[in-house]
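Asks: Please construct the entire structure, taking both the sequences and the accompanying hints into account.
Okay, here's what each chain looks like letter by letter:
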Amino acid sequence: MSEVIVITSGKGGVGKTTTTANVGMGLAMLNKKVVMIDTDIGLRNLDVVLGLENRIVYNLVDVVEGKCRLKQALIKHKKYPELCLLPSAQTRDKDAVTPEQMIELVNELREEFDYVLLDCPAGIEQGFKNAVAGADRALVVTTPEVSAIRDADRIVGLLEAGEMKRIDLIINRIRMDMVKRGDMLKVEDVCDILSINLIGVVPDDEQIVVATNQGEPLVGGSSLAGQAYYNICNRIVGEEVPFMDLDAKKGLFGKLKDIFKK
Amino acid sequence: MKLMDFFRKKGSGEVAKDRLKFILVSDRSNCSPEIMEMIKNDIIEVISKYMDIDPQGLDIQITETESEGGNGTVPALFANIPIKDMKHRPLR
Numbered sequence: 001m002s003e004v005i006v007i008t009s010g011k012g013g014v015g016k017t018t019t020t021a022n023v024g025m026g027l028a029m030l031n032k033k034v035v036m037i038d039t040d041i042g043l044r045n046l047d048v049v050l051g052l053e054n055r056i057v058y059n060l061v062d063v064v065e066g067k068c069r070l071k072q073a074l075i076k077h078k079k080y081p082e083l084c085l086l087p088s089a090q091t092r093d094k095d096a097v098t099p100e101q102m103i104e105l106v107n108e109l110r111e112e113f114d115y116v117l118l119d120c121p122a123g124i125e126q127g128f129k130n131a132v133a134g135a136d137r138a139l140v141v142t143t144p145e146v147s148a149i150r151d152a153d154r155i156v157g158l159l160e161a162g163e164m165k166r167i168d169l170i171i172n173r174i175r176m177d178m179v180k181r182g183d184m185l186k187v188e189d190v191c192d193i194l195s196i197n198l199i200g201v202v203p204d205d206e207q208i209v210v211a212t213n214q215g216e217p218l219v220g221g222s223s224l225a226g227q228a229y230y231n232i233c234n235r236i237v238g239e240e241v242p243f244m245d246l247d248a249k250k251g252l253f254g255k256l257k258d259i260f261k262k
Numbered sequence: 001m002k003l004m005d006f007f008r009k010k011g012s013g014e015v016a017k018d019r020l021k022f023i024l025v026s027d028r029s030n031c032s033p034e035i036m037e038m039i040k041n042d043i044i045e046v047i048s049k050y051m052d053i054d055p056q057g058l059d060i061q062i063t064e065t066e067s068e069g070g071n072g073t074v075p076a077l078f079a080n081i082p083i084k085d086m087k088h089r090p091l092r
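Keeping their order, the protein sequence lines are chains A and B. Under the working numbering, the first residue of the first sequence is numbered 1, with each subsequent residue one higher. Under the working numbering, the first residue of the second sequence is numbered 1, with each subsequent residue one higher.
Among these hints, one or two may not hold up.
[Unchecked claim] Within a straight-line C-alpha distance of at most 25 Å, the following computed SDA-like cross-link-like pairs (lysine to any residue) qualify:
(1) A/Lys165 to B/Gly72
(2) A/Lys67 to A/Asn31
(3) A/Lys94 to A/Glu104
(4) B/Lys9 to A/Asp177
(5) A/Lys186 to B/Arg28
(6) A/Lys67 to A/Lys11
(7) B/Lys17 to A/Glu104
(8) B/Lys21 to A/Lys94
(9) B/Lys10 to A/Ile167
(10) B/Lys9 to A/Ser147
(11) B/Lys17 to B/Ser32
(12) B/Lys17 to A/Asn45
(13) B/Lys17 to A/Cys191
(14) B/Lys10 to A/Gly182
(15) A/Lys165 to B/Thr73
(16) B/Lys17 to A/Ala122
(17) A/Lys186 to A/Lys129
(18) B/Lys21 to A/Asn45
(19) A/Lys180 to B/Lys21
(20) B/Lys21 to A/Ile167
(21) B/Lys9 to A/Asp183
(22) B/Lys9 to A/Arg181
(23) A/Lys11 to B/Val25
(24) B/Lys21 to B/Met51
(25) A/Lys180 to B/Asp18
(26) B/Lys21 to A/Glu104
(27) A/Lys180 to B/Gly13
(28) A/Lys186 to A/Glu125
For the record, the hints were derived by calculation from the structure and aren't laboratory data.
Replies: What follows is the structure, encoded as structure tokens:
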């Protein structure tokens, strides 16, 4: 049975696109057939994060307007042929697509794929409404900051009003050193405030910048963020995965330091 | 309270948590500051019919309170209305 998941946040810049790219690739690593749709019409981004920007011929709006067949617009990933991207249009705006058209498109993709991921634009206007329309469940991404959490709460309210069946929270870019010294909201605090199910915590990691520079998502790699995203993917497919200890120091040196501390 | 607590400043994470709780309660209640102001003025008008109050000292807030059924919290309107004089006007 296929599932349609929207990745949303309200506030911009909290990591929706990075999350979509990593979750998409992680699910492909778990041998799932995955298609990612960049619904941010006018501001195309997901293709760059995935390193597929040079292969775009047709886009979401072309498909919806019937200028090409759906198959023609899907871009297969280099490494994972079961992972596809439907890029957004760069020169159009959000009202080029309607929620009804999105539902139709998504239902067509359900036939072929196990997971349909929708990368939602920031905001709560037309683009958000389009992205949410055909989704079965939502991943709400936030960072441990007042503004991002406030917007996430608005989004959760809107999703609940729209009767979204399942809503899970991803806390992105947490810095345990700051949490420890009391200068950042704790994971428990954020969960407490938003009161929705937590599906993942991704630490702030320089490697995300490196990965985006290279156009290769780091999911499944040895970095903490890579592991965190991989865990999220496993939880999405229904596995029970314990939350990892983000305090753990990496490498032999860190371990040695720990021993001496005791 | 431990002695050390006197010296320890409240971390900004704690400040963020407290602020967020307040922000979200009023966000969720869908009450804009304009509407709050209107409610406040109406309360002043009604109460002033019966007693002498201090409009400057009046403070209303939407917060959360335990629901009577014991199933979680519900939004509540709290009003603090300082009374200057309890004059008993003859009832008509």
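Asks: Next, verify each hint and record whether it holds.
Replies: Consistency of the hints with the structure:
Taken as a hint, the A/Lys165 and B/Gly72 pair is honoured in the structure, with Cα atoms around 22 Å apart against an allowance of 25 Å. Between the alpha carbons of A/Lys67 and A/Asn31 the distance comes to roughly 31 Å, so the proposed pair goes past 25 Å and is violated. With a C-alpha separation of about 17 Å, the suggested pairing of A/Lys94 with A/Glu104 holds against the 25 Å cut-off. Taken as a hint, the B/Lys9 and A/Asp177 pair is honoured in the structure, with Cα atoms around 17 Å apart against an allowance of 25 Å.
The hinted pair formed by A/Lys186 and B/Arg28 meets the criterion: a straight-line CA distance of about 22 Å does not exceed 25 Å. Between the alpha carbons of A/Lys67 and A/Lys11 the distance comes to roughly 33 Å, so the proposed pair goes past 25 Å and is violated. For a cut-off of 25 Å, the pair hint linking B/Lys17 to A/Glu104 is broken: about 41 Å separates their Cα positions. For the hint linking B/Lys21 to A/Lys94, the alpha-carbon distance of about 33 Å lies beyond 25 Å, and the restraint is violated.
Among the hinted pairs, B/Lys10 with A/Ile167 is inconsistent with the structure: their alpha-carbon atoms are about 33 Å apart, more than 25 Å. For the hint pairing B/Lys9 with A/Ser147, the CA-to-CA distance comes to about 23 Å; that is within 25 Å, so the pair holds. The suggested pairing of B/Lys17 with B/Ser32 holds, with an alpha-carbon distance near 21 Å, which does not exceed 25 Å. The hinted pair formed by B/Lys17 and A/Asn45 fails the criterion: a straight-line CA distance of about 32 Å is larger than 25 Å.
Under the criterion of a C-alpha separation no larger than 25 Å, the hint pairing B/Lys17 with A/Cys191 is consistent with the structure, at around 11 Å. Simply put, B/Lys10 and A/Gly182 have alpha-carbon atoms about 8 Å apart, close enough for the 25 Å limit, and the pair holds. The hinted pair formed by A/Lys165 and B/Thr73 meets the criterion: a straight-line CA distance of about 23 Å does not exceed 25 Å. Between B/Lys17 and A/Ala122 the CA atoms are separated by roughly 24 Å; this keeps the pair inside 25 Å, and the hint holds.
Restraint check: the Cα-Cα separation between A/Lys186 and A/Lys129 comes to about 31 Å, which exceeds 25 Å; the hinted pair is violated. Simply put, B/Lys21 and A/Asn45 have alpha-carbon atoms about 33 Å apart, too far for the 25 Å limit, and the pair is violated. Distance hint between A/Lys180 and B/Lys21 is fulfilled; the C-alpha atoms sit about 21 Å from each other, no more than 25 Å. This hinted pair checks out: B/Lys21 and A/Ile167 have alpha carbons roughly 21 Å apart, not beyond 25 Å.
The suggested pairing of B/Lys9 with A/Asp183 holds, with an alpha-carbon distance near 11 Å, which does not exceed 25 Å. Using a Cα cut-off of 25 Å, the hinted pair B/Lys9 and A/Arg181 holds, with the two alpha carbons roughly 11 Å apart. With a CA separation close to 19 Å, the supplied pair A/Lys11 and B/Val25 stays within the 25 Å bound. Our distance criterion of 25 Å between C-alpha atoms is broken by B/Lys21 and B/Met51, whose separation comes to about 34 Å.
Distance check on the hinted pair: A/Lys180 and B/Asp18 sit about 18 Å apart at the alpha-carbon level, within 25 Å; holds. In summary, the hint linking B/Lys21 to A/Glu104 is not supported, as the alpha carbons are separated by about 39 Å, beyond the 25 Å threshold. Note on A/Lys180 and B/Gly13: the hinted pairing holds, with a Cα-Cα distance of about 10 Å set against a maximum of 25 Å. About 30 Å separates the Cα atoms of A/Lys186 and A/Glu125, which puts this hinted pair outside 25 Å; it is violated.
The structure fails to meet hints 2, 6, 7, 8, 9, 12, 17, 18, 24, 26, 28 from the earlier list, while all remaining hints are met.
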